[in-house]
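J.: Sequence:
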Amino acid sequence: MGQIRSKWWYSLIPSTPPGETIQGRFMVFSVIPNISIKDSLLVRLGLAMGTIAFLSFISMVLSTSIADNSLGKANAINSAGSLRMMSYRLLSYAESGASTTTISQATTDFQLRLDALESFVISRSADYSELPAKFAEVRKFWGEYISPSLLSINEKRNAATLKALNEEISTFVLQINGIVSLIEEDLEQKIALLKSLQIALLVMTVSVCVITMWMMKNQVVKPLRDLLSVASRVRDNDFSAKASHTDQDELGQLGETFNMMVSEISETYENQKRLIAERTKELTETNRSLELMYRSALRLSESNFTPGSLKELLNDIEQELDLGSGTICINENGAYPAHRLTTNLLKSDIEKLCGERGCEDCFKSSLAQSDTPNAGDQPMVFVPIKDRGSITGVLPFRLKSDAAVPAWKMRVLEAIGSNLSMALSKMQHQEELHRIAVLEERSTIARELHDSIAQSLSYLRIQVARLEKNHLAPFDQHEIVSELKAGLASAYKELRELISAFRLKIDERGFQTALSETSEEFSRRCNLRIDCKNDLPPTLLSANEEIHVLRIIREALANIEKHAQASEVFISATVSENHVVAIRISDNGIGIGDARSPENHYGLIIMEDRAQSLDGVITVRNREQGGTEVLLTFLPEKSDTER
5 MGQIRSKWWY
15 SLIPSTPPGE
25 TIQGRFMVFS
35 VIPNISIKDS
45 LLVRLGLAMG
55 TIAFLSFISM
65 VLSTSIADNS
75 LGKANAINSA
85 GSLRMMSYRL
95 LSYAESGAST
105 TTISQATTDF
115 QLRLDALESF
125 VISRSADYSE
135 LPAKFAEVRK
145 FWGEYISPSL
155 LSINEKRNAA
165 TLKALNEEIS
175 TFVLQINGIV
185 SLIEEDLEQK
195 IALLKSLQIA
205 LLVMTVSVCV
215 ITMWMMKNQV
225 VKPLRDLLSV
235 ASRVRDNDFS
245 AKASHTDQDE
255 LGQLGETFNM
265 MVSEISETYE
275 NQKRLIAERT
285 KELTETNRSL
295 ELMYRSALRL
305 SESNFTPGSL
315 KELLNDIEQE
325 LDLGSGTICI
335 NENGAYPAHR
345 LTTNLLKSDI
355 EKLCGERGCE
365 DCFKSSLAQS
375 DTPNAGDQPM
385 VFVPIKDRGS
395 ITGVLPFRLK
405 SDAAVPAWKM
415 RVLEAIGSNL
425 SMALSKMQHQ
435 EELHRIAVLE
445 ERSTIARELH
455 DSIAQSLSYL
465 RIQVARLEKN
475 HLAPFDQHEI
485 VSELKAGLAS
495 AYKELRELIS
505 AFRLKIDERG
515 FQTALSETSE
525 EFSRRCNLRI
535 DCKNDLPPTL
545 LSANEEIHVL
555 RIIREALANI
565 EKHAQASEVF
575 ISATVSENHV
585 VAIRISDNGI
595 GIGDARSPEN
605 HYGLIIMEDR
615 AQSLDGVITV
625 RNREQGGTEV
635 LLTFLPEKSD
645 TER
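Be aware that the sequence shown starts at 5, since it is given in the numbering used here, and climbs by one per residue.
Honestly, the hints are just simulated from the structure, not real lab data.
None of these values were measured; they are calculated from a predicted model.
Certain hints may be false.
Lysine to aspartate or glutamate pairs mimicking EDC-like chemistry, simulated, CA-CA at most 16 Å apart [what the hints assert, rightly or not]:
| id | residue 1 | residue 2 |
| --- | --- | --- |
| 1 | K144 | E172 |
| 2 | K537 | E572 |
| 3 | K404 | E324 |
| 4 | K246 | E282 |
| 5 | K226 | D251 |
| 6 | K226 | E254 |
| 7 | K430 | E306 |
| 8 | K537 | E521 |
| 9 | K138 | E171 |
Label-pair ranges, simulated between beta-carbon atoms [to be verified]:
| id | residue 1 | residue 2 | range |
| --- | --- | --- | --- |
| 10 | E268 | S200 | 41 to 47 Å |
| 11 | R344 | E641 | 35 to 41 Å |
| 12 | Q516 | Q432 | 18 to 24 Å |
| 13 | V47 | M264 | 51 to 57 Å |
| 14 | L232 | L302 | 37 to 43 Å |
| 15 | R465 | K430 | 45 to 51 Å |
Ideal placement from N, C-alpha and C gives every residue a C-beta, glycine not left out.
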């Protein structure tokens with residue numbers, strides 16, 4: 005800063021969040037300037053004020069001195085005038101013939117007044133004054149002529165003597181008039197001198213005031229206005245504003261310090277803008293990555309996503325992450341070559357990537373997240389698709405430049421790869437569950453055929469064997485034929501019930517709707533009044549458990565239709581505090597005799613088999629008030645899992 009040396013500290017206290025108009029309060033904790041005396045505004049103003057005070061003091065001293073020196077001059081003029089009067093009185097005494105004593109006394113008084121006036125005037129006169137000489141002449145003329153003439157007038161009283169005395173008194177009065185004139189001139193000169201000095205001092209004082217005002221305007225007011233203007237521009241975020249007054253005085257040093265502070269603020273402001281831009285960019289990237297991950301998770305959460313949805317996912321990744329064309333490759337059980345689910349790569353790029361590198365090389369490249377090997381002449385990045393720590397696929401993407409992929413993009417790609425892996429694993433699991441369900445359904449169909457139609461056919465085979473053995477006995481043949489017809493009718497009926505049971509399904513409307521439809525079906529077919537009460541939560545039973553429960557209810561209703569001779573049926577489904585499900589089917593029929601009789605044997609076996617599939621227990625008993633009650637109790641799979 006040249007010769008200006010200052011030690012200063014300041015602090016910026018921002019009052020607005022980043023990104024908005026910054027208004028700060030600046031606290032200058034200390035400014036310790038070292039300024040030369042000639043450059044100090046304080047010294048200059050002190051000199052100006054001192055000069056004005058000094059001129060005022062000189063004016064007062066001179067005025068006091070001249071006034072003090074002029075004090076008594078008017079009295080001296082009056083005294084001189086009285087001497088003239090006393091001279092004429094002495095002449096009057098002489099002419100009137102006053103006594104010698106009277107004249108002597110008057111002469112003595114005149115002598116004393118003359119001595120007093122002479123002493124006063126000479127003491128107040130300057131060295132260059134003519135008054136001492138004039139007084140010497142007056143005293144000489146008085147001593148040589150007037151005083152002797154007066155003292156001897158009585159002795160020599162005649163006309164000639166009186167005339168001579170008159171002439172001498174007139175001359176003496178003229179001399180006294182000369183003294184009075186000199187005193188008046190001296191007084192007028194001092195007044196003129198005082199006037200001149202006052203005018204000169206006034207001019208000098210006004211000049212000093214004008215110079216001081218000019219200095220205040222140019223060295224104080226203008227710099228302060230400039231500082232205020234710069235401060236206003238800085239407040240409006242114009243950090244190019246600089247104070248123009250940077251001289252070596254106090255305000256100049258303040259301006260220099262202010263400029264340095266503005267420079268620091270500008271640098272801080274630019275740093276804040278840069279940080280805000282960086283944070284905004286990071287937030288934008290984070291927002292884009294979150295939106296991309298959300299859309300990808302939404303697409304991959306579909307129950308059966310298609311290659312079209314994977315194509316949309318690939319396009320979304322390329323657009324949001326500013327990547328080149330890519331592809332999705334999956335290998336099953338670690339076998340090569342991998343399977344391309346979808347791709348945006350050109351055929352030539354695929355030939356270079358898959359022909360020159362091979363699947364194993366791509367999968368090995370995906371192990372190193374920062375590795376960007378080239379496919380031909382094109383830089384690429386390989387992102388692994390991991391499932392429980394093992395790589396099941398890879399996402400190769402072309403890069404638009406040779407620059408490394410940012411870490412946040414790699415994290416997004418890895419997250420999408422993980423989501424894709426979980427989605428593929430979920431889809432495979434669903435397919436496996438579907439295959440298991442198909443196999444279970446086939447097993448169920450086989451068991452139902454065995455429990456119903458196969459047993460009926462076995463019974464018919466036995467009857468046919470009896471018919472072949474007893475073909476010679478007509479009555480036996482008639483009985484056997486009747487039994488064959490009854491068996492065929494029963495087998496046909498069981499076949500229709502079995503077909504109806506196989507058509508049973510529980511759609512999205514749930515278990516309650518399926519139970520109501522089953523009740524309405526048997527109510528119409530058997531002319532029964534069936535009341536249903538279902539207290540089971542909608543999500544308590546699994547789909548398999550709902551099927552088994554409905555099949556048991558249908559089998560119980562079929563037995564009621566065949567054997568109970570009932571008019572009312574009540575079905576209830578409840579769950580206890582320990583999560584045990586109880587299904588009751590009761591009627592007001594004739595009750596049941598031997599539950600193990602051939603009539604009831606097949607239906608009971610079917611219900612027991614299904615109860616065992618549920619790990620439950622089924623009980624058939626007579627009600628005390630009449631009729632039969634079928635009770636199924638079991639613990640659902642979900643409740644067992646929760647425990």
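J.: Now look at each hint and say whether the structure bears it out.
T.: Results of checking the hints against the structure:
1. For the hint pairing K144 with E172, the CA-to-CA distance comes to about 12 Å; that is within 16 Å, so the pair holds.
2. Taking the CA atoms of K537 and E572, the gap is about 14 Å. The hint holds against a cut of 16 Å.
3. Taking the CA atoms of K404 and E324, the gap is about 13 Å. The hint holds against a cut of 16 Å.
4. A C-alpha spacing of about 29 Å is found between K246 and E282, which places the hinted pair above 16 Å, so the restraint is violated.
5. As the CA atoms of K226 and D251 are separated by approximately 13 Å, the hinted pair is consistent with the 16 Å bound.
6. Distance check on the hinted pair: K226 and E254 sit about 13 Å apart at the alpha-carbon level, within 16 Å; holds.
7. Taking the CA atoms of K430 and E306, the gap is about 10 Å. The hint holds against a cut of 16 Å.
8. Taking the CA atoms of K537 and E521, the gap is about 13 Å. The hint holds against a cut of 16 Å.
9. For the hint linking K138 to E171, the alpha-carbon distance of about 19 Å lies beyond 16 Å, and the restraint is violated.
10. Judged by the Cβ atoms, the range 41 to 47 Å given for E268 and S200 is violated: they are separated by roughly 60 Å.
11. Range check, R344 to E641: about 39 Å between beta-carbon atoms, so the 35 to 41 Å window is met.
12. Distance hint check: the CB atoms of Q516 and Q432 are about 33 Å apart, inconsistent with the given range 18 to 24 Å.
13. Between V47 and M264 the C-beta distance comes to about 25 Å, which lies outside the given range of 51 to 57 Å.
14. At roughly 59 Å, the beta carbons of L232 and L302 sit outside the given window of 37 to 43 Å.
15. A beta carbon spacing of about 49 Å between R465 and K430 agrees with the range 45 to 51 Å that was offered as a hint.
The structure shown violates the earlier hints numbered 4, 9, 10, 12, 13, 14.
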